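> Protein chains in written order, with our numbering: chain V, 69 to 380; chain U, 69 to 380.
Hint data in this document are derived by calculation from the structure and do not stem from the laboratory.
One or more of the hints may lead you astray.
Taking lysine-lysine and the BS3-like style, the derived pairs with C-alpha atoms no more than 27 Å apart in a straight line are [what the hints assert, rightly or not]:
(1) V/K113 to U/K373
(2) U/K293 to V/K373
(3) V/K343 to U/K373
(4) V/K324 to U/K343
(5) V/K143 to V/K324
(6) U/K314 to U/K113
(7) V/K304 to V/K314
(8) V/K365 to V/K324
(9) V/K365 to U/K88
(10) V/K373 to U/K324
(11) V/K113 to V/K143
(12) V/K314 to V/K143
(13) V/K377 to V/K365
(14) V/K365 to U/K324
(15) U/K306 to V/K373
(16) U/K143 to U/K377
(17) U/K113 to V/K365
(18) V/K293 to V/K306
(19) U/K377 to V/K373
(20) U/K293 to U/K306
Facing chain U, according to a computed beta carbon distance under 8 Å, are these residues of chain V, among others [unchecked claim]:
(21) Q101
(22) Q330
(23) I337
(24) W346
(25) I371
Okay, the calculated beta carbon distance ranges per label pair [stated by the list, open to error]:
(26) U/Q357 to V/Q140: 17 to 27 Å
(27) V/S91 to U/D268: 29 to 39 Å
(28) U/W287 to V/G80: 38 to 48 Å
Note that this is a predicted model, so its numbers are computed, not measured.
In this text, a Cβ means the ideal position worked out from N, Cα and C, and glycines have one as well.
Protein chains: 2
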Amino acid sequence: MLIEQQIDAMLGGDSRALSKLISQVEDRDPGYQDVMDRIYSHTGKSYRVGITGPPGAGKSTLVDRLVPLFRQEGKRVGVLACDPTSPFSGGALLGDRVRMQSLLTDDGVFIRSLATRGSLGGLSQVTHEVALLLEAAHYDVIIFETIGVGQAEIDIIQTADSIAVVVIPQSGDAIQAIKAGLMEIADIFVLNKSDQGQADRAVHALHFALPSADGKNRWVPPIVKTVASQNEGMDKFKTALDAHHKFLGDSGIQRKQRERLQLFIQRIIEENLRKELWSAERAQQLSQQIELILQGKLGPFQIAKEIQKGLR
Amino acid sequence: MLIEQQIDAMLGGDSRALSKLISQVEDRDPGYQDVMDRIYSHTGKSYRVGITGPPGAGKSTLVDRLVPLFRQEGKRVGVLACDPTSPFSGGALLGDRVRMQSLLTDDGVFIRSLATRGSLGGLSQVTHEVALLLEAAHYDVIIFETIGVGQAEIDIIQTADSIAVVVIPQSGDAIQAIKAGLMEIADIFVLNKSDQGQADRAVHALHFALPSADGKNRWVPPIVKTVASQNEGMDKFKTALDAHHKFLGDSGIQRKQRERLQLFIQRIIEENLRKELWSAERAQQLSQQIELILQGKLGPFQIAKEIQKGLR
Numbered sequence: 069m070l071i072e073q074q075i076d077a078m079l080g081g082d083s084r085a086l087s088k089l090i091s092q093v094e095d096r097d098p099g100y101q102d103v104m105d106r107i108y109s110h111t112g113k114s115y116r117v118g119i120t121g122p123p124g125a126g127k128s129t130l131v132d133r134l135v136p137l138f139r140q141e142g143k144r145v146g147v148l149a150c151d152p153t154s155p156f157s158g159g160a161l162l163g164d165r166v167r168m169q170s171l172l173t174d175d176g177v178f179i180r181s182l183a184t185r186g187s188l189g190g191l192s193q194v195t196h197e198v199a200l201l202l203e204a205a206h207y208d209v210i211i212f213e214t215i216g217v218g219q220a221e222i223d224i225i226q227t228a229d230s231i232a233v234v235v236i237p238q239s240g241d242a243i244q245a246i247k248a249g250l251m252e253i254a255d256i257f258v259l260n261k262s263d264q265g266q267a268d269r270a271v272h273a274l275h276f277a278l279p280s281a282d283g284k285n286r287w288v289p290p291i292v293k294t295v296a297s298q299n300e301g302m303d304k305f306k307t308a309l310d311a312h313h314k315f316l317g318d319s320g321i322q323r324k325q326r327e328r329l330q331l332f333i334q335r336i337i338e339e340n341l342r343k344e345l346w347s348a349e350r351a352q353q354l355s356q357q358i359e360l361i362l363q364g365k366l367g368p369f370q371i372a373k374e375i376q377k378g379l380r
Numbered sequence: 069m070l071i072e073q074q075i076d077a078m079l080g081g082d083s084r085a086l087s088k089l090i091s092q093v094e095d096r097d098p099g100y101q102d103v104m105d106r107i108y109s110h111t112g113k114s115y116r117v118g119i120t121g122p123p124g125a126g127k128s129t130l131v132d133r134l135v136p137l138f139r140q141e142g143k144r145v146g147v148l149a150c151d152p153t154s155p156f157s158g159g160a161l162l163g164d165r166v167r168m169q170s171l172l173t174d175d176g177v178f179i180r181s182l183a184t185r186g187s188l189g190g191l192s193q194v195t196h197e198v199a200l201l202l203e204a205a206h207y208d209v210i211i212f213e214t215i216g217v218g219q220a221e222i223d224i225i226q227t228a229d230s231i232a233v234v235v236i237p238q239s240g241d242a243i244q245a246i247k248a249g250l251m252e253i254a255d256i257f258v259l260n261k262s263d264q265g266q267a268d269r270a271v272h273a274l275h276f277a278l279p280s281a282d283g284k285n286r287w288v289p290p291i292v293k294t295v296a297s298q299n300e301g302m303d304k305f306k307t308a309l310d311a312h313h314k315f316l317g318d319s320g321i322q323r324k325q326r327e328r329l330q331l332f333i334q335r336i337i338e339e340n341l342r343k344e345l346w347s348a349e350r351a352q353q354l355s356q357q358i359e360l361i362l363q364g365k366l367g368p369f370q371i372a373k374e375i376q377k378g379l380r
């Protein structure tokens with residue numbers, strides 16, 4: 069099928085065409101940039117939800133239970149599970165496990181695991197591109213599921229409109245989340261498995277660390293208790309997401325879209341320049357200049373400065 | 069203490085001075101680049117061992133059991149545990165757990181966990197810098213312990229002289245390792261927990277996927293069975309490392325050092341150029357050019373190309 073036909077099919081709701089285009093983006097097939105340019109004007113109408121938290125917090129179950137609540141409203145939902153360790157652990161940490169059967173057979177739900185494939189584009193860039201494809205294919209809600217806070221994942225999660233940080237009572241996660249500065253990126257805290265011990269202590273710790281409402285028009289992240297495996301508290305989580313979505317408003321969502329677009333283009337340019345910079349010739353030059361360091365005449369940062377002077 | 073004094077103390081074997089310098093590098097304190105330039109000529113005498121594998125493969129235990137085997141030879145050992153999820157999981161996946169007491173009280177052993185701290189330098193760059201400090205502080209062997217194969221970790225592990233990939237029999241790790249292309253980076257395969265079921269099957273799968281010895285002077289990764297928790301097979305692992313070290317020889321080690329140095333300088337320059345590139349003024353320009361995309365006139369890759377033209 070010609071690429072134009074594939075794009076048309078995807079825009080028309082053909083999920084097989086969508087899957088093929090996603091693979092092209094993941095594989096950095098020739099022409100994927102052209103695909104992105106062609107579909108971009110069809111993007112920008114989706115609500116992006118980022119869900120992050122440590123292994124074992126129950127993120128996948130939470131997502132499985134959240135999706136139907138959007139489906140009830142007639143919204144089409146895309147789920148992107150991004151696990152940087154996936155090619156290695158076989159997705160053991162996230163995403164590749166069997167999803168709820170009802171989701172897998174629902175035409176209005178699209179689920180995909182994304183993993184770092186060696187050096188073919190950073191995971192965050194690929195994830196954003198795949199999300200744009202989902203937007204163009206009329207998925208109203210896109211849920212990003214990530215583990216941990218590696219740089220790639222911070223990049224992914226920070227491009228979401230609403231960010232939920234999932235912690236559990238037992239493991240001291242709440243305290244760690246506070247230490248790791250996650251208070252700043254979380255729009256909603258989900259205390260999952262809250263039927264287990266020490267839930268109140270965890271809520272206390274989170275409350276204590278949260279900024280207090282001070283009368284200004286500022287969002288104070290709510291703490292939602294859930295037991296996703298029992299489908300408990302999911303309505304409260306959904307309500308919290310809706311509230312944050314409303315708080316952002318159209319202007320807030322548009323601002324986030326612009327930020328995403330700006331970052332996207334910056335990364336494209338950086339990647340292009342990086343490829344140009346290390347031409348065979350310049351790499352060869354650098355290899356010679358290294359002698360000065362090996363002879364103990366200059367340090368690495370000094371030589372870097374020298375080389376940069378030459379680039380101007 | 070003046071920075072010169074701190075460097076002198078570190079070179080003289082003062083581990084508190086070393087710790088302080090490491091913190092400066094991690095925190096990107098003003099002056100850390102100067103520290104790196106000053107100490108570089110004291111580096112290059114260590115043997116770097118990379119140990120990677122999925123969560124639960126027993127990497128930390130393996131390292132704990134490996135260290136004493138180097139210590140018996142009078143070698144000083146540094147261990148750097150790099151967990152990209154650490155700030156979030158509190159190091160639950162790796163490294164922050166309690167180490168063997170005998171290691172903690174041994175002056176010849178230095179253990180440090182490194183985690184991504186937001187955007188303060190990439191984890192791989194920071195890890196390399198800390199490793200250089202350990203080299204300057206006369207640690208003969210530096211062991212890198214990482215989880216998964218995110219890009220940052222591939223960067224870390226590929227700078228090691230010898231790379232051991234640790235898998236366990238049960239979880240299909242061996243097959244996943246093959247799929248993930250780890251055959252290419254592994255110098256040694258460690259099948260840990262090999263007293264558990266299906267060990268022979270895993271060894272078979274690995275053997276099948278490995279290149280066969282073809283008479284050329286090529287390294288064929290051995291598969292070593294261990295039960296680290298029982299201290300079984302550790303001598304074989306050590307022997308395999310020694311054999312690979314010997315196979316590399318001085319010329320092989322020097323080649324790897326040069327490659328590391330070249331990559332190190334490339335990353336320094338890239339980071340500097342990136343900061344220069346997105347000056348407030350240019351970011352402002354970009355923000356205006358984005359309008360063309362939002363109006364549907366150009367795609368993101370097209371505008372990136374336009375902007376790059378302007379940079380020349």
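> Each hint should be assessed against the structure and marked as holding or not.
Status of the hints after comparison with the structure:
1. V/K113 to U/K373: Holds: V/K113 and U/K373 sit about 26 Å apart, inside 27 Å.
2. U/K293 to V/K373: violated (48 Å)
3. V/K343 to U/K373: holds (14 Å)
4. V/K324 to U/K343: holds (22 Å)
5. V/K143 to V/K324: holds (21 Å)
6. U/K314 to U/K113: holds (15 Å)
7. V/K304 to V/K314: holds (15 Å)
8. V/K365 to V/K324: Measuring from Cα to Cα gives roughly 48 Å; hence the hint is violated.
9. V/K365 to U/K88: Satisfied, since the Cα-Cα distance of roughly 26 Å is no more than 27 Å.
10. V/K373 to U/K324: holds (23 Å)
11. V/K113 to V/K143: Roughly 12 Å separates the two Cα atoms, so the pair holds.
12. V/K314 to V/K143: holds (16 Å)
13. V/K377 to V/K365: holds (18 Å)
14. V/K365 to U/K324: holds (20 Å)
15. U/K306 to V/K373: violated (41 Å)
16. U/K143 to U/K377: violated (54 Å)
17. U/K113 to V/K365: holds (18 Å)
18. V/K293 to V/K306: Roughly 12 Å between the alpha carbons, so the hint for V/K293 and V/K306 holds.
19. U/K377 to V/K373: Holds, at about 25 Å.
20. U/K293 to U/K306: Judged against 27 Å, a Cα distance of about 12 Å means the pair holds.
21. Q101: Holds, because the Cβ-Cβ distance from V/Q101 to chain U comes to roughly 4 Å (cut-off 8 Å).
22. Q330: Holds. Min distance 6 Å.
23. I337: Holds - the Cβ of V/I337 comes within 8 Å of chain U, reaching about 5 Å at its closest.
24. W346: holds (6 Å)
25. I371: holds (6 Å)
26. U/Q357 to V/Q140: 17 to 27 Å: violated (41 Å)
27. V/S91 to U/D268: 29 to 39 Å: Holds - the Cβ-Cβ distance for V/S91 and U/D268, about 36 Å, lies within 29 to 39 Å.
28. U/W287 to V/G80: 38 to 48 Å: violated (53 Å)
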